[in-house]
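Colleague: Protein sequences appear in the order of chains A, B and C. Just so it is clear: in the first sequence, position 188 is 188 by the numbering used here, and no numbers are missing. Just so it is clear: in the second sequence, position 41 is 1041 by the numbering used here, and no numbers are missing. Just so it is clear: in the third sequence, position 449 is 2449 by the numbering used here, and no numbers are missing.
The calculated lysine-lysine pairs, modelled on DSSO-like cross-linking and capped at a C-alpha distance of 27 Å, are:
hint, chain 1, residue 1, chain 2, residue 2
1, C, K2152, B, K1107
2, C, K2152, A, K148
3, C, K2285, A, K475
4, C, K2020, A, K364
Sample of chain C residues facing chain B (criterion: CB under 8 Å; computed from the structure):
hint, residue
5, R2150
6, A2314
7, I2319
8, R2320
Read the hints as simulated data drawn from the structure, not as lab findings. Don't be surprised by glycine CBs; every beta carbon is placed ideally from N, CA and C.
Listed below, chain by chain, are the residues.
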Amino acid sequence: MTEPTLYELSSPGRSGVRFPKSDVPKYELPADLVRADLPFPELAEIDVVRHFTHLSAMNYSIDKGFYPLGSCTMKYNPKINEVTARLPGFAFTHPLQPLETIQGNLFLMYQLQEYLKEISGFAAISLQPAAGAQGEFTGVKIINAYHKSRGDLKRTRVLIPDSAHGTNPATCSMVGLEVVHLPSDARGNVDLVALHEICDDTVAGLMLTNPNTLGLFDENVSEVIEIVHAAGGLVYGDGANLNALLGIARPGDLGFDVMHFNLHKTFSTPHGGGGPGSGPVAVTSQLADFLPSPVVGIVEPGTEDLPPLYGFTTPTMSIGRVKTFYGQFGMLVRAYTYIRMNGSDGLRRISEFAVLNANYLLSKVRGKYTLPYNRTCMHEFVVEGVWPEVPDIHALDIAKRLMDYDFHPPTNYFPLIVHEALMIEPTETENKQTLDAFADALLKIAEEAHTDPELLKNAPHNTPVSRLDEVKAAKELVLCCWLPENE
Amino acid sequence: MNTPEGLKYASTDEWLRVEGNVATLGVSDYAQDQLSDVVFFEVTVAVGDEIQKGTIVGTIESVKAAADVTLPVSGKVIEINEELANSPELINSDPFGAAWMIKVELKDASEADSLMDATAYSAFCETRGH
Amino acid sequence: MFIPHTDAEREAMLASIGVKDIKDLFTDVPVKHRFPKLGLPKGITEMEALAELREFSTANETAADLVSFLGAGAYQHYIPAAVDALINRGEFFSAYTPYQPEISQGTLQAIFEFQTLIANLTGMEVSNASHYDGATAAAEAGLMAYHHFRGKRPKIIISSSVNPEYREVMCSYLCGYENMKLVSVEDKADLKESPDQLSDRLDDQTALVMVQYPDFFGRINDFHKLVRKSHEIGALIAFIVNPTALGILKTPGELGADIVVGEGQPLGIPLSFGGPYLGFLATKKDFVRKISGRLVGETVDGEGRRGYVLTLTAREQHIRREKATSNICSNQGLMALAATIYMSLLGKQGMQQVADLCYQKAHYAAELINRLPGFEVLTDKPFFHEFVVKCPVDVDHINQHLLEDGFLGGLNLAKINPDLANHMLVAVTEVISKEDIEAFAEALKEASHD
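Based on the provided sequences and hints, a complete structural model is requested.
Modeller: Right, dumping it as structure tokens:
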């Protein structure tokens, strides 16, 4: 199944939308400023609608089926979120309107700040960062700015466990800090001995994902944080895996100094085929003055008759602005809707059932797939997608074969410390029947790997296209549609 | 795995062919195998540059991985294989021949002596598995 | 609510795991901190949530209730109904990053088409899959230039007529790099600077010159000489553009730009109080490996059928880790899709028509306002759909009056630079009618009298 490109569908003279004729006198752009031809496709509305409907049918999505992509928290995205975010009062507000005309937006943001602080146990928060990676960047910049503000200039190293996401080290480089890799111990925790040895007065901080990318809650988390604090460093919490901790433990209580949220993971805002995300950053009170500006606050206290006036404030030692305006507001509305519907009890149930689902699935595949760390997992777990007796079969083959069973594959080849990793995160929104069917598919594939390995090597068989030639793509680098007039 | 005799090998998987005070640099068969299909190669130094031992002199990218090429000795760059950027797949097909990367005039010939020989490097690769 | 388990199913699952209670799964969490009481309000139903959110949203007065002349980086344009109808398909919005191409061809082909449209619109050769917003795209252009010269040219010159928020974001992004220097003619966004003054700052340490076109004040500067001088000295030049303007305006590509970035919000994305928006970045083929963020490329499958994949991924953070040039993971996928649909609906004619309408209406508004006693439109240069008005009184004061008359006035430029007291930045798009413009001019006149 191939869909022609917009340019192949184009027919000169067509148009998908008409605009009213100008009702003002004619003004002409000076001729020397006018562009040459605009090589755009020409299509009717129906051409466009059919084209994108065809494309949509070539996608796998949560609405279609089970999406156990580890570390990505592909939970169901409630439809009500899409309704609330599109309410005209939100969708049509210009970011630079006078304060008195945007009190609804500001109140929502203020409340969301309060809720996220309560959920995480932190004292202050900024909703500005656009995504998890930007939240990380903001958080590490805050750590760096904190040390610098105290004249502590030699803290240039950041410790990162070997199970971490690649963004963690990339973030440190952007902030100008040096990365030091930290090994894991035999149970998948941070290696305390190694940590002790590395920690000195050059350590700016530690970036810790907890539960980590193996799906394990670090059994020594309190000690880890104490060791870093004792050396004068701060601890950054990567909030990618917060879906395991709602109402279970608050990172602020555990001793973390900074963390980012992924509203698109934990709080059900859609992933949108790769974005927009939203990555608010929360900090302890000692770091509050470093948050990116602006932060939503009360600028005039309320009286008996009048509500307070909400507005923007700039933290005194702010690291600056990381994005235009105030954040991915539409995502904030969705996350607010979700938190409000769940309340304290509902949030705790989310994490409880996310962890229940992961452990249940783990109990179904244990024995057929090798577990690098055989412990109770949190919201996700990692298995090895390889068997010694069929060495030609790799995790990738298992992933591709799962598509034939109508499932989205788990994350593969991550974390790097597990050989042929398959990282599985079911989330709380999946029912038992779905988990059973997925476990059955994994078991069936384990059997196929031994009896008919070619079936896996050539998988997928039932998808719009089969395995694609990535070497050709990277070498030839065709990054734009073929244009008819170029022929 | 092919590991020709007569070359010197670094623990970062580069090989060095020393002829007089000139050394030719490339990456080993083991390295290209680990990377799989190479789609891009770039030299990040220029002829005439004085390079300290341990400096990154090039970058290799495959579809799934990227690797830096490090010069394991000190010296001055005297020649660059300009062809290789156009045909980076040579790194897969002929790592010890057509896929040579740069030539340097050695600053201290004895630096190369501390690198591994073919036997030691083969054993080293063996310990890392595949 | 969103958890489907029955009690019986939960019990069966616990039995399969071999524990009695869900609580038993959390023994790794320190007892002291386990199961904190969260002080959030009790959960509510969908019906109640909608009512509450509706209440918040109606507490705002918006560009839907008011006639808006406010722009300054975010613009109200008409969005054809088909845009939202299509991006609201779960197949698009509930999908993840297209890491598994066999079951993500929809997202991948749409991004490929987005890249093509952006490249064609800007007159460049390649585009990436998008950035968070225009400002972060500008910052990524700075990183690109820095890495292109391998850090050996540490200076980036930013025009003072660039959107001041973009400048702030570039500072946040770039100040972590060794020796990196951001240089401007004026500290604050200002009308005084000329392209020649930027030329004077160029030297062999300069990696990049960054200008805005049309600039933050809506003006179309002549950058021919600056482009030539930048290239003579070996530096790159980046243009921040308004995509609507490029429907008619000469492209940065034609002018010789090396990198083009911009805010894609005008391309079918609602104002939504500042986000989510859409950053785009286009460049020449020679620099394609220095682009951060995702790229989609065309290839074939095992049977020779055309298909698309994420390509050049070896540059990215998940493989290069600390050596990656940026930590970016996501793009603004759904927003890029909205822009792709918008651009395909409008097509060649629609894009030109919208740009024309904006241009003409803005010029009509400028002409009327310029005739008002005490008001002066600063039009020493050609402008697109935004222009600066020198007012007889304080702009906040005028805007307060305008609001009472049902208008959202333009940006008070004193907020970004005290030297620009009494200066208003007025934006006019195709959604504003002739009557609106005339009424606005009338209201301005009255507001200045009180």
